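Novice: In case you want the letters, here they are:
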Amino acid sequence: MNFKAISAAALAAVLTAGTMTATAQHLTGAGATFPNPIYSRWFSEYSAAHPGVQINYQSVGSGAGIRQVSEKTVDFGASDGPMSDEQLAASKVKLVHVPTVLGAVVPVYNIPGAKTALKFAPDVIADIYLGKITKWNDPRIVKDNPGVSLPDHQILPVYRSDGSGTTYIFTDFLSKVSPAFASTIGKNTSVRWPLGIGQKGNEGVAGMVRNSPFSFGYVELIYAKANNMEYGYVRNAAGKWLQASTDGVTAAAAGAAKNMPADYRVSITNAPGADAYPISSFTWLLIPIKSDDPAKGKVIKDFLTWMLDKGEAEANQMTYAPLPKSVIEMERKTIATIQ
Amino acid sequence: MNEPKLIPMPQTVVTAPKMDAVPSGDAQPAQTRLAAPSVIRQFLNQKSSGRVPDGLFGGLMLICALSIFVIVLLIVFVLVRDSRLSLHAFGFKFFTGTVWDPVSGDFGALPFIYGTVVSSLLAVAMSVPLALLVAIFVLEICPQFLRGPISFLTELLAAIPSVVYGLWGVFVLVPIIRDQVGPVLEKYLGWTGFFAEPNFGVSIFTASVILAIMIFPVISSISRDVMKVVPPSQREAALALGATRWEMIRISVLRNSRIGIVGSVILGLGRALGETMAVTMVIGNHPDMMKNLFAPGYTLASVIANEFTEATGDLYLSALIEIGLALFLVTIVVNAIARLLVWAVTRGNAARAH
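Protein chains in written order, with the working numbering: chain A, 1 to 339; chain B, 1 to 354.
Chain A with its partners taken away, still in its complex shape (with noise of 0.2 Å):
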């Protein structure tokens, strides 16, 4: 009697749970670790707005991400830069690129006692990375910083030793304002620094450059503003000095929006605009457009439409910057063709 009820129940469970994981999807992405904060929020409370879909987001880095896409083991990618080429047509499943919310990379410092923040010409902050300009009190950095007083000091360049999208933004904001640190050094996720100091991820960097006196290096806005960062000015293409704000970076996608090629491989770093901050990057998701599996597409597509309408609204408050309106738009008709 009681066996029976006991095995009764046992097969009403199994049967549930046998109608739940028919209807039930699990996606599972893999990618780039910057935008890993918000795009785990994302997935997570797209879940519970839609029970039984699961997005599972593995941060694993933009070239993993992009392998793993590329050879169908996970059901779509992300990366902080764009996919090349060769690596699109390498790819075994037809991707596109989606924009999802932009990162910025500021300059920090650490020199004793400079109690305002410094200003970096970008010729500047390229020849410091070349060892052109060595010492703090350079007649090019004095020029920029009138009536701070700069010390005779050796400045100690800190990067990235970790591949990194942070990198390929930094480089490819200095690789445009500079010919000489493009012919010699170049964009990538990790490139050969001619002097200086590696150290692993935006804590390292910025470890190092808080215990090292006289150190400067490069992190991301969020981490940054996460961390009460102090970091400097930057001049944009305009001509204008800006620190670092995600109204800024949204003004510098907003001002490459203008001619934004369809597939959104794009690069906004030194972007036109007045208020645009010169050292700014889209990062996407890459998604194939036609899903092996038509279910998958659908929930992908309804995703990203969701993503549009609630999802960019969430990106100020975790100090992303929010897509512009009209590259909202333009995304709504690359969507649309997603099967």
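By construction, these hints were calculated from the structure, which means they are not laboratory data. All figures in this text were calculated on a predicted structure; none of them were measured in a lab. Be aware that one or more of the hints could be misleading.
[Said to hold, decoys possible] No more than 27 Å apart at the CA atoms, straight line, and that leaves these computed lysine-lysine pairs for DSSO-like:
(1) A:Lys258 with A:Lys94
(2) A:Lys119 with A:Lys143
(3) A:Lys94 with A:Lys298
(4) A:Lys258 with A:Lys240
(5) A:Lys333 with A:Lys296
(6) A:Lys119 with A:Lys135
(7) B:Lys187 with A:Lys135
(8) B:Lys291 with A:Lys132
(9) A:Lys135 with B:Lys291
Dock chain B against the given chain A, drawing on the hints supplied.
Specialist: Showing chain B alone in chain A's frame:
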């Protein structure tokens, strides 16, 4: 330890079976030849048949031993297979090239090999004297009440995760080496060229100090255990012949346990060569080959940990896997040299006292 216990047992229990066994004719010559163990043998035979378990156990051990070969061969196979692009593109130049440029796709591993070998050897050089002296002290000189705490703390050091060592290195060791140790070394040893400005605190030297602390418990506790098994009669003999305490330690303890001590050093060296996290956090991650130990460096394990996740492009990935192959080869070569040294030192003079 076990044998003395076993012997009296069969004598009391097994007298009857022995009588039974005698009439069976074929066993007779064998038993007379193995006159002494026959009682025990029969007792054991009674418990179980020796042949089958012996064979099984022997086979099992053979499989376990051969699995080492299989594992090593598999590692080499995968490393070579996945790095074939880079092997093909650079050939042997990969191991002598000094440029590591992911942008232009030019890859050479020499600065990483240099950083790995120099930081590990320096760590061993710093750690071995300390570890041996601690081991000798604990075993021979230490008062009883200190022995427990020292041994416990030594083993505790081995249990600390490497990322904790790294954090401690960044926040404690780096400032000390930059502001306190560095200037002193520059002043007194600056003429050697090994200690020179600029010293930012993160350097090959700092990495070596961290590594020395990390491999200290391995070397110290293994060599202590090795010294412990030197028979007391050896010590007493040396003392009886009029040796001082130091002479006794040198002649009977160190002399008899030197192969075990070298084994512990090789184990420590192996850990130092492969250590990743703590080293990455304090070495500066700049692929340079400088005589100045205060300059930043880079190790093979660190570059893999740093760049693997974001490596895009097949050649780049392949070059990183070849770095793994290089680390494997460096480990083999360094171990082989260490073993050759042991062989050269111990060959033919095992019986001599000094």
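Novice: Looking back at the numbered hints, which does the structure fail to meet, lowest number first?
Specialist: The structure breaks none of the hints.
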